[in-house]
Amino acid sequence: MSDEIARNRHKESFLSGIIKQNPLFVAILGMCPALAVTKTFEASFGMGLLFTFVLVCSNVIVSLLRKVVPEEIETPAHIVIIATFVTIVKMLTNALLPELYSSLGVFLSLLVVNCIVLGRSESFAKKNTVFDSFLDGVGNGIGYTLAISIIGIIREILGKGSLTVGKIFTFISYNGSPITIPILKNSVFDVSMGKIFSNPAGGFIVMGILLAIIAAVVNYNKAKKKAAAKSAAKPAPNTNLGGAK
Amino acid sequence: MPQFVYLIIAIVVIVALVAIFVISFIAYRRTPVPKGCEDLVANKEKCEGCLMSECPLAHGREEGH
Amino acid sequence: MNATVPFIVTFLLAIVNATLMDNVVLIRFYGICSFVGVSNKVKPAFSMGVAVAFVTIFASLVCWPLYNFVLVPAGIPFMDTVVYILVIASLVQLVGLVIKKYSPALYKAFGIYLPLITTNCAVLGVAQGNTDSGLSFGLSMAQAIGTSAGFLIIIFLMACIRSRLDAMNVPKAFKGIPIALIVAGIMSIALIGLGGIGS
Numbered sequence: 001m002s003d004e005i006a007r008n009r010h011k012e013s014f015l016s017g018i019i020k021q022n023p024l025f026v027a028i029l030g031m032c033p034a035l036a037v038t039k040t041f042e043a044s045f046g047m048g049l050l051f052t053f054v055l056v057c058s059n060v061i062v063s064l065l066r067k068v069v070p071e072e073i074e075t076p077a078h079i080v081i082i083a084t085f086v087t088i089v090k091m092l093t094n095a096l097l098p099e100l101y102s103s104l105g106v107f108l109s110l111l112v113v114n115c116i117v118l119g120r121s122e123s124f125a126k127k128n129t130v131f132d133s134f135l136d137g138v139g140n141g142i143g144y145t146l147a148i149s150i151i152g153i154i155r156e157i158l159g160k161g162s163l164t165v166g167k168i169f170t171f172i173s174y175n176g177s178p179i180t181i182p183i184l185k186n187s188v189f190d191v192s193m194g195k196i197f198s199n200p201a202g203g204f205i206v207m208g209i210l211l212a213i214i215a216a217v218v219n220y221n222k223a224k225k226k227a228a229a230k231s232a233a234k235p236a237p238n239t240n241l242g243g244a245k
Numbered sequence: 246m247p248q249f250v251y252l253i254i255a256i257v258v259i260v261a262l263v264a265i266f267v268i269s270f271i272a273y274r275r276t277p278v279p280k281g282c283e284d285l286v287a288n289k290e291k292c293e294g295c296l297m298s299e300c301p302l303a304h305g306r307e308e309g310h
Numbered sequence: 311m312n313a314t315v316p317f318i319v320t321f322l323l324a325i326v327n328a329t330l331m332d333n334v335v336l337i338r339f340y341g342i343c344s345f346v347g348v349s350n351k352v353k354p355a356f357s358m359g360v361a362v363a364f365v366t367i368f369a370s371l372v373c374w375p376l377y378n379f380v381l382v383p384a385g386i387p388f389m390d391t392v393v394y395i396l397v398i399a400s401l402v403q404l405v406g407l408v409i410k411k412y413s414p415a416l417y418k419a420f421g422i423y424l425p426l427i428t429t430n431c432a433v434l435g436v437a438q439g440n441t442d443s444g445l446s447f448g449l450s451m452a453q454a455i456g457t458s459a460g461f462l463i464i465i466f467l468m469a470c471i472r473s474r475l476d477a478m479n480v481p482k483a484f485k486g487i488p489i490a491l492i493v494a495g496i497m498s499i500a501l502i503g504l505g506g507i508g509s
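Residue numbers (this note's numbering), protein chains in the order written: chain A, 1 to 245; chain B, 246 to 310; chain C, 311 to 509.
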């Protein structure tokens with residue numbers, strides 16, 4: 001019985017970070033990188049992966065140490081732990097994926113103050129078991145990666161008209177060069193005004209519209225639920241009132 | 246000066262920074278809020294857009310899980 | 311014809327550039343979380359801007375020498391991120407301590423926002439960006455000053471706009487953050503135009 005409760009809790013920790021409590025679209029955290037690195041799909045995806053790595057590692061370590069760290073210095077300890085992992089990730093990325101390192105620039109270092117990473121350790125990892133924290137990290141990481149990849153795809157297709165894979169992850173290549181899939185280019189939809197989306201302004205606009213769409217969907221669901229609850233509370237209209245006569 | 250002296254200086258500086266950080270953090274938490282400010286509660290109107298998860302004024306504000 | 315431009319001119323131009331053309335929030339995308347969160351009303355926005363300005367300038371002032379005179383000679387430049395965040399976080403706590411003890415008025419104005427400044431990308435972003443780009447001390451300080459001024463101006467403008475926006479008929483789905491982002495996008499277009507549209 002308690003086994004099943006534990007399994008449900010694991011499932012909940014993992015799944016909630018992906019859709020229901022998506023850190024970017026629902027909790028609206030971690031927007032700085034989401035707007036800045038999403039000019040191309042590959043950079044966004046790479047950022048998402050690195051973010052997941054930092055989040056999972058810091059969640060696990062914070063959870064491991066949660067009984068050892070005195071309550072008063074929790075926040076400083078978390079910050080130092082996260083900073084250590086970010087430094088490690090920086091060095092690894094510089095060595096293994098130098099293209100990604102130069103596209104991300106300062107934003108890789110800014111993962112240290114990423115609201116999501118700090119937020120998850122403060123609100124979840126310090127109170128839960130290592131495995132749950134691990135799942136929470138993976139779930140949130142997947143959610144964030146999905147979210148910024150979507151933004152990246154939209155901005156790259158609208159801004160450049162094509163999708164390029166293989167510039168950063170150089171192991172994906174065709175005849176030794178990156179693959180460019182022209183989607184809007186050279187077609188009826190080739191709008192040169194699309195350049196705005198590669199610019200910073202486009203980032204804001206895309207994000208604003210996406211959040212508005214999500215808010216609209218959430219509002220619609222809420223309204224549906226409210227209507228369903230209301231009609232369930234009313235007595236059913238076909239009670240035989242006439243029978244008592 | 247030989248290389249490792251610089252390294253030792255750097256390590257001392259880093260340890261000193263950590264100490265300063267921890268001490269100032271604890272001191273900040275421990276000093277009482279000044280007289281006129283006890284009523285600075287986190288009401289919904291003021292904190293609606295705030296995304297800070299470790300806000301000391303947020304009692305009863307649900308956070309994630 | 312090749313007169314060397316006096317440093318003061320370069321310095322001032324760098325400040326203007328960092329304030330407007332390379333605006334911290336609208337072009338470089340730092341500090342978005344605090345920007346969107348606190349720009350609802352004018353007074354808190356202004357307090358937040360001032361607090362960020364103070365911390366940014368002081369942090370850059372301390373971080374640049376630490377990097378160039380302590381970390382680099384010691385051969386551990388990769389420790390920069392850790393050192394900078396320690397400096398920034400300590401600075402925020404120390405400032406908070408001083409305000410709490412000696413100035414209830416200031417605490418009332420922006421005491422609650424202080425912890426939020428530690429996680430503000432702008433502060434760390436400027437300090438890290440300065441040394442990543444290898445700027446000289448003068449130009450690093452110009453960046454810090456420009457960033458602070460840019461942040462203050464933009465958050466103040468945004469608060470003015472948003473407080474009027476609240477009274478208007480914004481479609482329900484756009485209320486709050488989405489419309490703020492779109493407004494930011496439009497302001498950003500203006501600044502891009504100021505800098506000249508390049509590829």
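Keep in mind that the hints were calculated from the coordinates and are not lab data.
There's no promise every hint is true.
[Unchecked claim] In silico lysine-lysine, DSS-like type, Cα no more than 30 Å apart, as pairs:
id, chain 1, residue 1, chain 2, residue 2
1, C, K482, C, K418
2, A, K222, C, K353
3, A, K225, C, K353
4, C, K418, A, K230
5, A, K224, C, K482
6, C, K485, A, K225
7, C, K482, A, K20
Pair hint A/K224 and C/K482, alpha-carbon separation not exceeding 30 Å: holds, 16 Å
Proposed proximity, C/K418 with C/K482 (alpha carbon, max 30 Å): With Cα atoms ~33 Å apart, C/K482 and C/K418 exceed 30 Å; violated.
Holds or violated: C/K418 to A/K230, with C-alpha atoms at most 30 Å apart: violated, 44 Å
Pairwise hint evaluation, C/K353 against A/K222, where the allowed Cα distance is 30 Å at most: violated, 34 Å
Restraint status (C-alpha distance of A/K225 to C/K353 at most 30 Å): Status violated; Cα separation ~38 Å.
30 Å Cα cutoff - pair C/K482, A/K20: holds, 21 Å
Agreement of C/K485 and A/K225 with the hint, judged by alpha carbon distance not exceeding 30 Å: With a Cα-Cα distance of about 21 Å, the restraint between C/K485 and A/K225 holds, given a limit of 30 Å.
Comparing the model with each numbered hint stated earlier shows that hints 1, 2, 3 and 4 do not hold.
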